[in-house]
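Enquirer: Sequence:
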Amino acid sequence: MKLKNSLIPLVLFLLTMKQVHPDGSPEPCLLLNKRSQQVRQPGDLCCPGGGIQRLDQVLAPFMRWPLAPLGQWPQWAQWRIRYPGHTQRLALLLTAGLREAFEEMRLNPLRVRFLGPLSVQKLIMFDRMIYPLAAWVPENQNLKPNWEVERIVHIPLKRLLEPGHYGRCRLTFQKGQRATERNEDFPCFIHRRRRGHEVLWGATFRITMDFLHRVYGFRLPNLEDASIHAKHLGAA
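Count along the sequence shown from 1, then add 112; that gives the number in this note's numbering.
Source of the hints: derived by calculation from the structure; they are not laboratory data. C-beta atoms are modelled at their ideal positions from N, C-alpha and C, and glycine is treated no differently. The reader is advised that the hints may include incorrect statements.
Distance condition first, Cα-Cα at most 25 Å in a straight line; then the derived DSS-like pairs of lysine-lysine [unchecked claim]: (1) Lys256 to Lys234; (2) Lys343 to Lys234; (3) Lys130 to Lys234; (4) Lys270 to Lys146; (5) Lys146 to Lys343; (6) Lys256 to Lys146; (7) Lys130 to Lys256; (8) Lys146 to Lys234.
Ranges between beta-carbon positions, derived for each pair [to be verified]: (9) Thr284 to Ala189: 47 to 55 Å; (10) Gln187 to Gln150: 34 to 42 Å; (11) Ser137 to Arg194: 33 to 41 Å; (12) Trp177 to Ile340: 45 to 53 Å; (13) Arg307 to Gln187: 34 to 42 Å; (14) His198 to Gln253: 28 to 36 Å; (15) Pro186 to Arg166: 29 to 37 Å; (16) Gly276 to Pro178: 31 to 39 Å; (17) Gly329 to His198: 37 to 45 Å.
Start from the sequences, fold in the hints, and give me the full structure.
Expert: Structure representation (structure tokens):
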């Protein structure tokens, strides 16, 4: 694969067990980053990810070794038979995703269990496609966010399956000295905490909905009367 694919955006959709409440037991959670003020769209919740780099092309062949995450994937042998022309691409995408996760949160790439690819998503704000790969992260990893990440966020899956946590996101854009509001609203998930809340929207939201529908048969509730949460994106 040539370096022109360095512009392909990819993300790791990470799941893990986490003790969310002090008096509770560990429960399955979605593991996300909250973007820092030093990057684009600060404050957004997102999956770790980015683009393919030259180093990923060097390391990708090792991803298929028996003890590597792709080599240990139970569906790997079947995938190679069914999609023989895409094995190199999948290895490259997973390698890049694990590298990005290591850089952003110090995720140990050798302690990740690959679960498989999710549906490709089209970015609304840009004419590009994003490739999500699902993976399981064992408990007790010592994750440390880098400068791109304000903090690491755990959202319990049971909360994602409760319709009452969903709302509508209304976007505004800065054009010169004026803030212009977009006419349509986007569905979103409201992650409420003791101190405020965060809004999961956009491509990360759609990837999450794809996973919830595949695994649990969950469908987005009727949001006609749901609360509206404003989101300002700065310059359009």
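Enquirer: Taking the numbered hints from earlier one at a time, note which ones the structure violates and give those numbers from smallest to largest.
Expert: 1, 3, 16 and 17
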